Every structure is written in structure tokens, then in C-alpha cells.
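Participant: One-letter residues, chain by chain:
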Amino acid sequence: MSDSPKQHLIEVRNLDVSFHGQTVLKDINVAIEAGETVAVIGESGCGKTVFMKTIVGLIAPTRGTIHFDGQDLSTLSPAALSDVRRRFGFVFQNAALFDSMTIFDNVAFPMRQSTDAGEDEIHDAVLNHLQEVGLPPTVVSKRPSELSGGMRKRVGIARAIILQPELVVYDEPTTGLDPIMSDVINELMLDVRRRYPVTSVIVTHDMRTAQKVADRVLMFYPRTRLGKGESQVLYDGPPAGLDQSVDERVRQFVRGEAGQRLMEISG
Amino acid sequence: MSASVSTQNDLPPRHPENGSATAKDMLYAWVVQWGSAVVDGVATVGDIALFAWQMLVWIFTRLPQRGTLLINFYQIGVLSLPVVALTGTFIGMVLAVQSYYQFHALGLESHLGVVINTSLVRELGPVLAATMLAGRVGSAMAAVLGTMRVTEQIDALTTMGADPIHYLVVPRFLACIFLIPALTIMADFMGIVGGYFYSVMVLEIDHAAYLTHSRDGVVGFDLFSGVFKSVFFGGMIAVISCYQGFHCKPGAEGVGKAATQAFVYSFVMILAIDLFLNIILDKIYFMMYPSGANIL
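Chains B and L, in that order, give the protein sequences. Here the first sequence is numbered in numbering that gives the first Met the number 0, starting from 0 and rising by one per residue. Here the second sequence is numbered in numbering that gives the first Met the number 0, starting from 0 and rising by one per residue.
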């Protein structure tokens with residue numbers, strides 16, 4: 000053990016999140032080191048997207064704290080929180096590109112919003128980042144509605160990394176894509192990690208993504224089906240250990256077996 | 000057997016065989032329902048006030064970029080002009096049709112312009128322009144912002160360090176309050192023109208008498224009060240419509256409901272503010288013109 004405590008980029012302490020009296024996350028404690036790639040897996044409704052939105056300050060915790068680079072997000076003013084968010088890149092499930100803008104303006108948006116860069120510099124940066132995600136310069140004048148789902152996701156990644164953030168958060172990056180395009184997105188996430196010293200949090204229920212891209216996997220479980228006193232994080236470890244987990248629910252999820260859930264349909 | 004399921008809102012069980020107990024249950028349920036509606040209503044008003052406050056703070060601290068403002072000014076103001084002009088013209092002509100026979104029976108048809116112009120400038124012009132703005136722009140604002148909410152575009156703005164209220168709401172609010180006076184004046188003008196043409200060309204009222212009497216009826220304060228009211232209407236339309244969009248429920252139904260509610264609530268508030276401001280403006284008017292305008 001080292002004498003000085005290790006500095007974590009993200010530290011989640013005793014986190015509870017509730018909506019209208021319904022608790023989605025309860026007593027979550029997670030620390031993520033700089034440079035790590037963490038996949039958060041779990042079935043639908045387990046709270047993994049809520050967890051991800053809470054760590055970037057889109058959802059306020061009901062209890063507990065989120066520290067980013069030592070700063071408690073709940074104590075920051077809106078302006079200071081905006082400044083911290085500029086160090087994040089966020090790839091949304093359906094890309095969340097602005098319909099009213101062209102692809103160029105979408106990718107340029109973070110630079111125009113947060114930097115004093117001139118239009119020439121922005122132009123070069125946009126084309127470079129589109130090239131990094133494998134899109135030709137001809138897409139710049141198109142609208143998001145003219146692109147396929149995979150292309151929109153890649154534009155979303157280009158937009159998320161254009162300011163070279165310290166933390167990139169991916170929400171279901173391969174959901175709704177064919178297996179080939181899913182693998183392209185997986186490779187892109189690995190490529191982003193190779194190019195930039197970035198910490199990544201990937202929320203997914205695609206085991207191929209978790210096993211191919213992540214250094215560490217957290218598996219969440221719906222709170223309503225947990226036993227008394229059980230932690231909501233069923234697994235926290237390397238992807239290789241998922242198959243050998245002592246918890247049957249983890250092994251079932253990894254293998255895609257319904258297990259006890261079959262009783263819900265068989266009555 | 001499984002354990003019994005709790006009743007809705009933990010209400011006491013019904014006793015159909017006991018009439019008095021059923022009436023008591025119904026009263027209890029009624030009180031709970033209305034109490035909940037009142038609490039929700041108060042919470043929503045508080046939410047809208049906070050939303051408007053955040054917007055005002057942004058207006059006084061940092062204005063949006065010029066490009067964002069100009070697009071909104073064009074879409075909200077310039078594109079609304081034709082429809083406001085058209086409806087204004089029709090309202091002026093309708094007023095002529097409706098008022099003519101009563102005035103003709105009294106032999107006062109040459110005074111028709113006074114009634115048409117006063118009604119338009121003081122009341123119908125501002126309310127009509129605001130109604131058209133609520134219908135054309137308010138619903139669209141709620142639908143656009145609602146779709147942005149549902150497709151996580153508003154969250155995307157937040158994660159990129161842009162405040163959604165500053166980026167999306169402030170330009171729409173400014174466009175509404177700065178351009179609704181122009182729309183009101185357009186509705187007034189076209190209504191006056193429409194009323195004049197129908198009265199003179201179709202009803203064959205004497206042109207010179209119509210104009211002479213018209214000039215006597217409307218004073219500068221009438222025009223001011225109409226334009227003054229319209230600024231409040233415009234601000235209210237923007238706040239209510241943007242709020243509805245920002246708090247849109249997921250799905251197509253959510254977006255549709257937000258757009259409908261934006262128009263309905265805006266229209267109700269236009270009429271409520273109109274009443275309130277008219278009471279105040281009338282007091283000021285009669286202080287300035289103790290004998291009133293020379294209508295007849």
C-alpha cells in the first residue's frame with residue numbers, strides 16, 4: 000500500500016438517487032482512477048444510466064457526494080459546474096445531435112461555446128475529428144436526420160472529444176446498431192483511449208463491448224430485487240472475472256440467461 | 000394466496016352496503032383529489048416563477064450571441080407578420096359588419112370608424128396578435144423544446160457547458176417581448192384598413208365623415224395601452240411555452256400535450272393579464288382624460 004492516498008478522478012460516496020419517492024440507487028460507493036475505462040453493466044431499470052447522469056451532474060443526488068478531481072459537484076455554483084462539465088465529453092444513446100444544425104455546426108458547438116478559437120481553427124478541428132471517427136468531409140453540410148444511426152453515433156463521439164476532455168461518458172454506445180457497426184464503435188472507443196489520456200465510463204448491456212473495451216466492469220442490479228443488506232453493485236472487477244463470479248446473477252447476465260426471471264412469464 | 004394489495008392512495012375500504020360510509024369515502028376521495036390538484040397547481044406556479052427568474056438573471060448577466068438572437072427574431076417576429084396582418088384585416092371587416100345595423104338604425108353609421116378603431120387599438124389588436132403568436136409560435140416553441148428534451152438535446156447542451164435556459168429560452172423571450180409590439184401595430188393597422196374599406200366600399204358610408212369621426216375617437220393613450228399590454232402577453236407566451244417544452248413528458252403524446260398546453264395556458268393567461276392591466280390602465284386613462292374620448 001502507498002503511504003499517500005491515491006487521487007481518484009471520480010469518487011462517488013454513499014450515493015442515493017430517488018425520483019418521486021422511488022429509490023433507484025442506494026448507497027453506491029465507487030471510485031474511478033484517471034485513465035481507467037470502466038463499463039457499467041446491468042439489466043434495464045437497474046439505474047446504470049441514472050448513475051452515469053449523476054456523475055456528470057445532470058441529476059442531483061438525493062444523498063451522498065460526487066467528487067470530480069477532488070471537487071464536490073454539489074457545492075459548485077452553476078457557472079463553476081459548467082466549467083467542470085467542459086472537462087467531460089458525453090456520448091448520448093441516440094447521439095442527441097441538434098436537429099436544427101448541420102453536422103459541422105454540431106461538432107463545432109463545444110468549441111464555439113467554450114473557446115475563443117477562430118473559424119479557421121474550428122474548421123480544421125471539426126474535419127480532423129470527423130476523420131478520426133471515419134467520416135468523410137462531405138457529411139459536414141448534412142443534417143443529423145440524413146445520417147444513419149451508426150454515422151450519428153460517430154458524429155456524437157467526434158463532438159464529445161473535440162475539446163479533448165479528461166472524462167468521456169458513453170451511454171449505450173452500441174445499442175440499436177448492427178454487429179459490424181457495434182464493433183466499429185468499440186474500436187473507436189479504444190482508439191479514443193489510445194490517442195488521448197482519457198478516462199472512460201461506458202454504460203452498456205452489450206457484453207462484447209464490456210469485454211473488449213473495459214479495464215474494469217461494475218454490474219448494477221435493480222434495487223427492488225435485491226436481498227436485504229445486499230450491495231446494488233453485484234460485481235466490481237476485471238471483465239475476465241465475470242464468467243467466474245461467485246454470484247449466479249452475474250454469470251446469468253453475462254451468458255444472457257433469464258434464470259429466475261422466467262417465472263415472471265410462466266406465472 | 001398472495002398478500003392483499005393495498006388500495007389506491009391507501010384510501011379506506013369501500014362499504015357498498017353502508018350508504019353513509021360510501022358517501023364519507025367519496026367525500027374523502029374528493030378532498031384528496033382536489034387537495035392534490037391544488038398542491039400540484041401551486042408547485043407548478045412556483046416552478047414557472049423560478050424558471051422565469053433564472054431566465055431574467057441570464058438576461059441581466061449575459062445576453063445570447065447575436066446569431067442566435069437574429070434567428071429567433073426572424074422566426075418569431077417576421078414570419079408571424081403575414082398571418083397577423085391577415086387576421087387583423089378580417090377582424091376589422093367583421094367589426095364593421097357586426098356594428099353597422101345598430102348604428103344605421105340610430106342614423107350614426109358615419110361614426111362606425113370610432114367603434115372599430117377604438118376596439119381594435121385598445122383591445123382586439125393586442126389580444127389578436129398575442130393569440131396568433133401563442134398559436135403559431137408558442138405551440139411550436141413547446142414542441143421544439145419538448146422534442147429536444149425527449150431526445151436528450153437539452154441534456155447535451157448542459158454537458159457541453161451551455162446553460163439551456165440561456166441558450167434556448169432567453170432568445171425566444173426577447174424575440175417575443177420586442178416583436179409583439181410590432182405585430183400588435185400591424186394587427187391594429189390592418190384592422191383599421193379592413194374596417195375602413197368594408198365600411199366605405201361595401202356599406203357605402205361617406206368616406207370623409209368616416210375619417211373625420213374616426214380621428215376623434217382614438218387617442219395616443221389607447222395605442223400606448225394596447226402596445227404596453229402586448230409586451231406582457233409576449234413575455235407570458237414565451238415563459239409558459241418554454242416551460243411546457245422543458246418539462247415535456249417522454250414520447251409523442253408528451254410533446255403533443257406540451258404544445259397544446261402551451262397554447263391553452265398562454266391564451267388563458269393573455270385574457271387574465273388583459274383584465275388585470277385594463278383595470279389599471281383605465282384608472283390612468285380617466286385620470287388623463289376625465290371626460291373620456293369623444294366617441295359619439
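If you are wondering where the hints come from, they were derived from the structure by calculation, not from laboratory data. Note that this is a predicted model, so its numbers are computed, not measured. Glycine included, C-beta positions come from ideal geometry on N, C-alpha and C. Among the hints, erroneous ones may be present.
Stretch-level coverage of chain B by chain L, calculated; a stretch enters the list once three of its residues show a Cβ under 8 Å from a Cβ in chain L [unchecked claim]: (1) 37-50; (2) 75-83; (3) 91-97.
Short derived list, chain B residues pointing at chain L, Cβ under 8 Å [stated by the list, open to error]: (4) Phe87; (5) Met100; (6) Leu146.
The following label-pair restraints were derived from C-beta to C-beta distances [claimed, not checked]: (7) Leu85(L) with Glu118(B): 37 to 43 Å; (8) Pro136(B) with Phe227(L): 40 to 46 Å; (9) Gly117(B) with Leu80(L): 20 to 26 Å.
Participant: Would you mind marking each hint as holding or not holding in the structure?
Facilitator: To see whether the hints hold, each was checked on the structure:
1. For the stretch 37-50 of chain B, the assignment as covered by chain L is violated, since 0 residues bring a beta-carbon within under 8 Å of that chain's beta-carbons and 3 are needed.
2. Counting residues of the stretch 75-83 of chain B whose CB falls under 8 Å from any CB of chain L gives 3; the rule of at least 3 is met.
3. Residues of the stretch 91-97 of chain B lying with their CB closer than 8 Å to a CB of chain L number 6, which satisfies the three-residue condition for coverage.
4. The criterion of a C-beta within 8 Å of any C-beta in chain L is met by Phe87(B), whose closest approach is roughly 6 Å, and the hint holds.
5. The interface hint given for Met100(B) is broken, as the beta carbon of that residue sits about 10 Å from the closest beta carbon of chain L, more than 8 Å.
6. At a threshold of 8 Å, the smallest CB-CB gap from Leu146(B) to chain L is about 14 Å, leaving the interface hint violated.
7. Distance hint check: the CB atoms of Leu85(L) and Glu118(B) are about 41 Å apart, consistent with the given range 37 to 43 Å.
8. Distance hint check for Pro136(B) and Phe227(L): the Cβ-Cβ separation is about 53 Å, which falls outside the suggested range of 40 to 46 Å.
9. The hinted range of 20 to 26 Å is not satisfied by Gly117(B) and Leu80(L), whose Cβ atoms lie roughly 36 Å apart.
In terms of the numbered hints stated before, the structure departs from hints 1, 5, 6, 8, 9, listed from lowest to highest.
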